[in-house]
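S.K.: With chain Z's structure known, arrange chain G on it following the hints.
Residue numbers (the numbering used here), protein chains in the order written: chain Z, 4 to 300; chain G, 18 to 602.
A few of these clues could be false.
30 Å max Cα-Cα, derived DSBU-like pairs, lysine-lysine [claimed, not checked]: (1) Z:Lys268 to Z:Lys50; (2) Z:Lys268 to Z:Lys227; (3) G:Lys532 to Z:Lys164; (4) Z:Lys72 to Z:Lys276; (5) G:Lys598 to G:Lys532; (6) Z:Lys57 to Z:Lys13; (7) G:Lys602 to Z:Lys227; (8) Z:Lys58 to G:Lys261; (9) Z:Lys229 to Z:Lys96; (10) Z:Lys72 to Z:Lys273; (11) Z:Lys206 to Z:Lys164; (12) Z:Lys58 to Z:Lys43; (13) Z:Lys164 to Z:Lys247; (14) Z:Lys229 to G:Lys261; (15) Z:Lys190 to Z:Lys50; (16) Z:Lys58 to Z:Lys72; (17) Z:Lys72 to Z:Lys227; (18) Z:Lys273 to Z:Lys229; (19) Z:Lys58 to Z:Lys256; (20) Z:Lys96 to Z:Lys58; (21) Z:Lys64 to Z:Lys96; (22) Z:Lys57 to G:Lys261; (23) G:Lys602 to Z:Lys229; (24) Z:Lys64 to G:Lys261; (25) G:Lys598 to Z:Lys227; (26) G:Lys598 to Z:Lys229; (27) Z:Lys256 to Z:Lys268; (28) Z:Lys227 to G:Lys532.
On the chain Z side, residues computed to face chain G include the following (Cβ under 10 Å) [unchecked claim]: (29) Glu143; (30) Cys166; (31) Asn184; (32) Phe185; (33) Gly207.
Estimated spans, in silico, between C-beta atoms of each pair [unchecked claim]: (34) Z:Pro111 to G:Ser595: 48 to 54 Å; (35) Z:Lys96 to G:Ser595: 47 to 53 Å; (36) G:Phe42 to Z:Gly118: 22 to 28 Å; (37) Z:Asn221 to G:Leu478: 49 to 55 Å; (38) Z:Gln196 to G:Gly600: 26 to 32 Å; (39) G:Thr527 to Z:Glu240: 32 to 38 Å; (40) G:Phe42 to Z:Ser16: 33 to 39 Å.
Hints are computed from structural coordinates only; laboratory data are not their basis.
By construction, the Cβ of each residue, glycine as well, lies at the ideal position given by its N, Cα and C atoms.
Spelled out, the chains give:
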Amino acid sequence: MGMDRREFIKSCSLVAVMGLLFGCRKIPLEELAGDLPSLKRFEDEVKLALSQAKKSLDLVKIPTPGALKIPGASTLNRFGMAIDLDACDGCGKCILACNLENNVPLVPDEDAARGRFMHWVDMRGSAPFMCAHCGNAPCERVCPTGAANHTPDGLSAMMYKRCTGSRFCGANCPVQARKFNFNDAQKLGLARQFNREVPLRDKGVMEKCSLCLHRLQNDRLDFKTKLTVGATTADAEWRGRGVKTACAEACPKNAIIFGNWLDEKSPLVKLSKNRELYAPRELADLDPSVVFMRGRR
Amino acid sequence: MFKYLMLAGLALFLPGLYALGYSIFEGPSAWMVDSRTFWGTPISLFVFWIGLAHAGTLLSAIFLALDIKLDRRTALIAELSTLVCLVFAGIFPLMHLGVVENFYMVMPLLDARGNFANVGSPLVWDFCCIAVYALLSLVFFMTHLKTREIPALDKYRKPMAWLLFPLVLWVHTVVSLDFATAFVPEWCGAFFPVYFIAGAIFSGLALMNLLLCSEGYRVRLLERLQLIFSWFMCAIWVWDLMLKGSLCTSAFIFAGVLPQFRMIAVIRENKWGRIALSLSVLIGLFLERLYIVSPEFGSYAASPLNWIDWGLIAFSVGGFVLLFFGIRRYLSWKMEGAGSYFGEVDGTDLADAEQQELEKEGARGIEKPKKGFYIQPWASEEYHVLRLPLLVGFAIALVYSIWVLSQSVFANVEFSFANIVPLLYPVIALVTTVTLYLRAYFVEHAFTLHRHEKWMAAILLVLVAACAGTFFAGGSSQNSTNTIDSQSIGVDAPISQSHARLLWNARCATCHGVKGNFNEKFVREFYPVPQKLDVQRLDSLGADSLVKVILNGRANMNAYAGRLTPEEAHGLVNYMYSLAKEGEK
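Pulled out of the complex, with its shape left as it was, chain Z reads as follows (with noise of 0.2 Å):
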């Protein structure tokens, strides 16, 4: 078989091109189909995660959250959640519509069978458990870079970017709210971004509950728009109407009760007037804006 210098330089570069292709391969075709993980598996961690679940919670009788007491606070605004666990069946499904609200990832299997789920909702004594936005918060205190802040509306708010994750918020949380991101959720394909509004957190930063900050501060953004155009009067103070997190939308039974503790007209007051409030008994003394309530209706 002859085959001269030019045919033989020619089909080696040949060779060399096609495998430069076939090393390329994986790089466009990530892009457009991706190993995004199915709506099936976060589905199925819910599950695991509720069979997991804590039986019990050890709650007391707390007084109506006021306003503020930190520096800067708002007098008007002080936003939180009462759960009602009259109510609440525990059925999971706050859980699940928080996951993809806010783009929580999913965990690989040997931290799911340790209990370690990203979920920023939690199942503890067959009720929703999340973040308690304190007044008066512990992890605040302790973080070094000030990646964990309170706005002045009374949310117990994160810097994903600012944070060095020295996990102090994690190791003074008395509750353990907070998860930490100990995998690269993007890179082992465990997380999808369901929610465009909300980015997808780095390897290496503490996350938890943000009580769906995105959607207040789109409705922030709203009502100043229709204020500069003249399209509302009606009143002039922004106090976060209409707004609902993503576990309240999402609770069959209206359990979840999400709203302005400053505002008379706000249904989270409405709801909880002549009812009993609780909260952890870790979290009594921090004013939580994230309570309990039973009892009375």
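M.R.: What follows is chain G alone, placed relative to chain Z:
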């Protein structure tokens, strides 16, 4: 002897280095961390090594300050062990971070980022205090080394010892506050500082006795102290058991029960027996640190430590042995050539020193009182040396406190006096030491430096400056008081377009870009990332609310109320419109 020890250290260090690299690459999930505790082995190792680091200088300084004679070699070994331990204590809190490359955000070094580190966090206190402690320990060690060449320097050792004595206690208290201010029930308690300090001295004594074994001699005083501290630790453990019902049994056996075998003469008089006693104390105290940091240790999985944990332990132990004996060997070979740079140990050294001291003080006209006599503090020699520098130190600390008190509250983080109390003594100690040595060099001409030593001193001064920078927690920034209200602000005629462009390029372009297209490198630090400049968005926000944002600030945007007039702000908004329109073309 040192060579073999170094080889053994190297054998531990290299595989440990691999584990360190792997765990930095893999992040905190590499080592044992369960859902309840977030820290694990690196922080246990940090507490362990920082404890050892405090003990060396503490022993040397306390003994010197209290007039208990410790021979030169023992004291130098103690001080050197402190420095080497600090190196490893410093590595662990850095490598345990989730985002290692962001470590600089913990230190409030100047206000380069335009944002506060949270001065209320014990981690920030840690950073400042340990930095000062490391520097002053280095100075103390260097002074001691140099006294052989320049005996006049000996005058400054005792004042330094008096400065370091409280500093060590202070810094270790701050380390214990990392835990004691937290909400974990096992960590709560005002006894934590005492507990930590006792543990630190205990482990440091054990390390000293171990190192002395490698030198081939012993100091009975230190051995007796080790025994006494084991009783003290036992008392604390029993108290903790009765109070909270928690006890780390293995630590109790290793560090509480086994050291009692010193009372048996056969073990005590045998070198290997002494090594075993000290090792058992060190192992016991490490187990105890592990238990403190992760209270669920041992109750979780069959094997609580994986290979990474073992690797990290090997890294620090091997690294310590390698570095310590490396420096030890270098110093005796380079400086003396006869291996006796660190001094003799057969007692002649001590007797000589005492005799010399007596003569010196006689020559200086100071009457040496007999042992046991009370010397008035104000009449003592070290007070005379320390008087002026200490005054400067206190004055600077006072100025610092006043500056802090005048700072306004920023971003809901209270920059209150209570938050900087832990920093006050380190400030005093740092300033006093610098003043002391600057005066000794420039005014009193007490010592001269070789050329390479001058370089070292310059580097030290730079480090001191950096250290001082960590106390500076940012300039004045105004708290954002941005609330939404409908009242429009009275805006007069805006300024001209060209003036606005000048203002924009001077004030705004650093972040927002010359054409409003954002300085990406700067802006990616923030979340939520600000929106791009476009006409639609500007319309939706409204001109006068933008003016308010420029004047009062909002989230990460600084307030410019004092620096821009409302007219100028309005002009800037107009300029933004023109930029946005240009961008859309």
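S.K.: Output the numbers, in ascending order, of every earlier hint that fails for this structure.
M.R.: The structure breaks hints 1, 6, 9, 14 and 16; every other hint is satisfied.
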